Amino acid sequence: MERRRFLTALTVGASGLLGVLVSIPLVGHLFAPLTRKASGADAPIDLGPVSDFPVGQPVRVAFPVRIEDGWAVTEGERSAWVVRNGSDQVHVFTTTCPHLGCSVEWAPKRDEFSCPCHDSGFGKDGAKLHGPSRRGLDALPVEVKADRLVVRHVEYVPGIADKRRLDGRDA
Amino acid sequence: MKERLASLLAALEERTGALTAWRFLADEKVKGGARWAYVFGSGLVVLLVVQLLSGVVLAGDYAPTTDAAHASLQALSDPERSAWGGLLRSLHHHGATFLVLMLVAHGLQVAFAGAYRKPRETNWWTGLALGGVLLGSAFTGYLLPWDQTAYYATKVGLSILRGVPIIGGPSAELLQGGPGLGNLTLTRFYTLHVVVLPACLLLLFALHLALFRRHGVTPPETLTEDELETQAETFFPAQALKDVVFALVIIGGLYLVSTLWPAHLGPKADPSQPFDARPEWYFYWLFQLLHYFEPPIEWVGSLLIPGLLAGFLVALPFLDRSKTRAIKDRLLPLGSLVMALVGVAVLTLQVFLADADAAKNAEPVAVTKRLEAGSTAAGGTASPDYARAAMLYGRYCLECHDSDGAPIDEDATDLRSENFARMAAADPGHLVEVILSGGEMMPAFDEDMSREDAELIAREILLGFATGSD
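Protein chains in written order, with the working numbering: chain A, 1028 to 1198; chain B, 5 to 474.
Treat the hints as calculated values from the structure; they're not laboratory data. Computed from a predicted structure; not experimentally measured. One should not assume that every hint holds.
To be verified - Listed below are the simulated DSS-like cross-link pairs for lysine-lysine, each with C-alpha atoms no more than 27 Å apart in a straight line:
hint: 1; chain 1: A; residue 1: Lys1151; chain 2: B; residue 2: Lys364
hint: 2; chain 1: A; residue 1: Lys1172; chain 2: A; residue 2: Lys1136
hint: 3; chain 1: A; residue 1: Lys1155; chain 2: A; residue 2: Lys1136
hint: 4; chain 1: B; residue 1: Lys246; chain 2: B; residue 2: Lys35
hint: 5; chain 1: A; residue 1: Lys1136; chain 2: B; residue 2: Lys35
hint: 6; chain 1: B; residue 1: Lys122; chain 2: B; residue 2: Lys35
hint: 7; chain 1: A; residue 1: Lys1190; chain 2: A; residue 2: Lys1064
hint: 8; chain 1: A; residue 1: Lys1155; chain 2: B; residue 2: Lys364
hint: 9; chain 1: A; residue 1: Lys1190; chain 2: A; residue 2: Lys1155
To be verified - Taking CB as the label site, the calculated pair distances span:
hint: 10; chain 1: A; residue 1: Pro1071; chain 2: B; residue 2: Ala63; range: 39 to 45 Å
hint: 11; chain 1: B; residue 1: Glu403; chain 2: A; residue 2: Pro1071; range: 33 to 39 Å
hint: 12; chain 1: B; residue 1: Val199; chain 2: A; residue 2: Ala1059; range: 15 to 21 Å
hint: 13; chain 1: A; residue 1: Val1054; chain 2: B; residue 2: Val168; range: 41 to 47 Å
In this text, a Cβ means the ideal position worked out from N, Cα and C, and glycines have one as well.
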C-alpha cells in the first residue's frame, strides 16, 4: 500500500507539473494585452482659425489621425465637438459619451449634448446636466496658437467617475 | 439479400457495438408517454446544428480583420458570386434569435414541470451554463460584420463590463486585446465565436444529455406510478416524430423570416461618424435598465438587478422548498420567475417604443465638417434653412448616402464625385426632380416631403457637396 500511495502522489505531481509547463506560455501570452504599452500617437492637429467657428454653435469636426490597431498602422479618422463660447474661448470635446462610449450628438432643440443611448445630457461647457454618466464630457487638450485651434486626440476610459486616458499614459 | 444485410449488421455490432448504441438512444423509455411539451429541448438541438453547419460554411468566406471583415461579408452576400451566401448569412443571423426564444421556451417548460428540483438540480445548472454560452456566442458573433451597429453594440457591451468593480476593466481589455476596439478584438471574438464557445457548448451539451438520460423526462405530477409505466413509450419513434414535426415548423419559420427580412449589413464601422448604438434586441432589457439609475446608484441597474436575476435562477432549486411538484404548491418560485420574465419583456418593449418615438421627433443631424490631411477648412454657420435640410437629409438620405456625400449603399451615387458636381451645376432643378420622383437606383420621396423641402435639401446640402464647400 505504501508503494501504491507513493506512485499515486508521483503521478498526480507529474501531471500537475505537465499542466503548469504547458500553461505558462498560454496564460502569459493571453494576458499580454494588460501589460502592453500603447504608443498613443497624439500629435497636434490644426483645426484652423478659431474665428472660423461660429459662436455658440457646436460643430462636429472630423480629422485624420494615425491609428495603431494591433499589427496595422493606418491613417484613420476621428471626430470631436468644437464649441466656441466667446471670441477666443473654445472647448473641444470627444464625441464619445463618458458613460458607455456611444456617440454624443448636439441636440439644438434641447440646447444640450445628448447621448442617444441612455439620455445623458451635457452642457456647452461639457458639464453633466442629467443622466447615468458618472462624469461630464471629456475635453481634449487644446492650444490656441496665433488664432489657430490645435488639439490632441486622446481617448478616455468610459464608465468610470474619473477621467483616465485609455492608453494608460496619465502619469 | 435480407440475410446478407443481417449478417453484415451482426458483424458490425460485434466489432463496434453500433446496434447497441443505436438501441440505447432509440429505446430510451419516456415514462408517461411522448408529449408535445418535451419538444423544446430537441428544437434547441436542431437550431444549434443549423448554426454550427451554416457557421462552418460562413467561416470559409470570412476574414476577421478591421480592413477586410465588412468587405468579406459584402462579397458573401453578392448574388453574382453565390446565389446562397445571402440566405446562409440570414439563416445564421436569425438563427440566433430563434435560439434565444427557444431557450426561454425550454427553460419555462422545465421550470413549470418542476424539473429543476431534486434529483435534477445539476441538469438545471448545466442548462443555465449552456444558456450563458449561447448568449456569449450571440454577443461575440454580433461584432463580426464590423458595421456601425456591430461596432457600437460591442463598445457599449464591453463598457458595461468595465463597470464591474476590480475585474471589469482587465476583463474588457483582455477580450478587446488592448485598450480599444480593433483588429485584436475581431481576432479574439472570432476565436471565441468559432472555437472556444462551440467547444464549451458541445461539452456542456454532452453533460446535459447524460444527466437527462440518468433521470429521464419529468412527466406531469398528476400521473400515478402505474400510469407512468403503462403509458410509457420509447423515444423512437413516438417522441422522435413529435420532435421532427416541431423542428420542421421551426426551421420553416427560420427560412420564412430569413427570406422576408434578409440580414442587414450597415455602413462599415467608423468611430468618427455618429451612430445610435443599440445592442441586439435580446440584450435590450440590460441596456434599458441603465436608464433608470443615476450616479451614485447607477450600479443598481448595471450590476445589482442583473446579478440578482442570475442568482435567482441558479438558486431556484434551493428556493423552491415545496413538498410536491404541483404548480399550486409552487406559486411563489414560479410567480417570481414569471414576474422576472415580464419585467424583461417590458424593458425590451420600452426600447422598441422609445426608438419609434425618437424616429418621429428626430433632432436635426449635424453634418460633419471634414478636415482633410493638410487642410484646415472648418467653421460655417447653421441657418434655420440649413438645420431643417440637415434634419431631412439625416432622416431620408442617410440610409444610402453618408453625411459627407459618400455612398453607403453600393448602388448609391457618390455625391462628392465630379459627375454629380457637373450634373448639379448644369441643372439644380433636376436634383429636386430626382429627389421627388426617384432615379435609376434611387427611390421617390414625393410622399415623404414637399417640393419646398426637396429644394431645401438640394440647395443647402447637395450643392454644398457638389461645390466642395460643405
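Hints and how they fare:
1. Our distance criterion of 27 Å between C-alpha atoms is met by Lys1151/A and Lys364/B, whose separation comes to about 25 Å.
2. Note on Lys1172/A and Lys1136/A: the hinted pairing is violated, with a Cα-Cα distance of about 33 Å set against a maximum of 27 Å.
3. Note on Lys1155/A and Lys1136/A: the hinted pairing holds, with a Cα-Cα distance of about 17 Å set against a maximum of 27 Å.
4. Among the hinted pairs, Lys246/B with Lys35/B is consistent with the structure: their alpha-carbon atoms are about 16 Å apart, no more than 27 Å.
5. Restraint check for Lys1136/A and Lys35/B: not satisfied, since their Cα atoms lie roughly 66 Å apart, outside the 27 Å limit.
6. About 17 Å separates the Cα atoms of Lys122/B and Lys35/B, which keeps this hinted pair within 27 Å; it holds.
7. As the CA atoms of Lys1190/A and Lys1064/A are separated by approximately 19 Å, the hinted pair is consistent with the 27 Å bound.
8. Annotation: proposed proximity of Lys1155/A to Lys364/B holds, straight-line Cα distance about 26 Å (limit 27 Å).
9. Distance hint between Lys1190/A and Lys1155/A is fulfilled; the C-alpha atoms sit about 13 Å from each other, no more than 27 Å.
10. Take Pro1071/A and Ala63/B: their Cβ atoms lie about 43 Å apart, and the range 39 to 45 Å holds.
11. Hint check: Glu403/B to Pro1071/A, Cβ distance near 37 Å, so the stated range 33 to 39 Å holds.
12. Judged by the Cβ atoms, the range 15 to 21 Å given for Val199/B and Ala1059/A holds: they are separated by roughly 19 Å.
13. In this structure the supplied range 41 to 47 Å is violated for Val1054/A paired with Val168/B, their Cβ-Cβ distance being about 21 Å.
Checked against the numbered hints given earlier, this structure breaks hints 2, 5, 13; the rest are met.
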